[in-house]
Amino acid sequence: MHYAVLGTGEVGRTLAGRLVELGYEVTLGSRSKDNPVAVEWATAAGGRAHAGTFADAAAGADVVVNAVGGQVALDALRAAGAEHLDGKVVIDVSNPLDFEEGRPRLDPVESDSVGERIQRTFPQARVVKALNTVNCRVMVDPGRVPGDHALFVCGADPDAKRQVVVLLGEFGWPADRVLDLGDIGSARAMEMLLPLWLGLFQKFGHADFNFEVRRKN
Numbered sequence: 130m131h132y133a134v135l136g137t138g139e140v141g142r143t144l145a146g147r148l149v150e151l152g153y154e155v156t157l158g159s160r161s162k163d164n165p166v167a168v169e170w171a172t173a174a175g176g177r178a179h180a181g182t183f184a185d186a187a188a189g190a191d192v193v194v195n196a197v198g199g200q201v202a203l204d205a206l207r208a209a210g211a212e213h214l215d216g217k218v219v220i221d222v223s224n225p226l227d228f229e230e231g232r233p234r235l236d237p238v239e240s241d242s243v244g245e246r247i248q249r250t251f252p253q254a255r256v257v258k259a260l261n262t263v264n265c266r267v268m269v270d271p272g273r274v275p276g277d278h279a280l281f282v283c284g285a286d287p288d289a290k291r292q293v294v295v296l297l298g299e300f301g302w303p304a305d306r307v308l309d310l311g312d313i314g315s316a317r318a319m320e321m322l323l324p325l326w327l328g329l330f331q332k333f334g335h336a337d338f339n340f341e342v343r344r345k346n
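Residues in the sequence shown are numbered consecutively from 130, following my numbering.
If you are wondering where the hints come from, they were derived from the structure by calculation, not from laboratory data.
Keep in mind that a hint or two might mislead.
[Unchecked claim] Simulated restraints on C-beta separations: (1) R343 / D163: 48 to 58 Å; (2) G176 / G311: 34 to 44 Å; (3) G276 / G189: 30 to 40 Å.
From the three backbone atoms N, C-alpha and C, an ideal C-beta is built for every residue, glycine too.
Take these sequences, add in the hints, and give me the full structure.
Laid out in structure tokens, this is it:
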């Protein structure tokens with residue numbers, strides 16, 4: 130299976146690197162074919178790692194991971210090409226973080242979400258929101274945080290969600306700790322966890338934490 134990871138930031142490189150370690154072919158996509166960060170990553174990661182444009186990455190991929198920021202997600206996916214997304218699972222790990230007068234805020238918030246915008250813009254893609262509620266190192270190594278902490282997924286396509294849950298299992302997340310919140314509309318709630326996450330990050334001084342959900346049996 131070939132993955133496209135769109136975005137050369139820490140999130141994209143971390144996810145792409147773990148996918149290569151798991152034995153997958155991975156293309157790290159960016160705006161330009163010769164992006165120095167992507168080329169350096171591909172050279173260091175080995176033979177299954179490649180660099181290319183957003184369109185190069187998506188065209189040859191079975192699964193596309195959106196790892197760019199929420200504010201530029203639609204632009205990156207448009208550059209990837211709707212024809213390269215049709216019928217494919219698109220995993221959206223982004224958050225709608227924006228800054229106003231130097232302070233973090235969400236845009237969109239409450240009445241919409243990045244996940245929903247992606248699904249509306251690319252109706253033939255099978256969008257699954259996942260992994261946006263933890264730091265990228267915890268995404269691929271949940272053992273960094275002790276306990277039965279949880280991940281959330283949502284999306285309209287049950288088969289796509291099942292495929293993502295299997296991948297999360299390869300990252301180390303047991304299936305019973307991955308909570309399906311239903312349709313892509315639940316991306317609103319998942320994205321609105323970001324301000325709480327940022328407050329906890331400021332309090333703890335590190336990102337090795339997560340949310341644990343406890344319920345009556």
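Status of each hint after checking the structure:
Between R343 and D163 the beta carbon distance is about 49 Å. The supplied range of 48 to 58 Å therefore holds. Under the hint 34 to 44 Å, the C-beta atoms of G176 and G311, about 40 Å apart, fit the expected range. Taking 30 to 40 Å as the suggested C-beta distance range, the pair G276 and G189 conforms, at roughly 39 Å.
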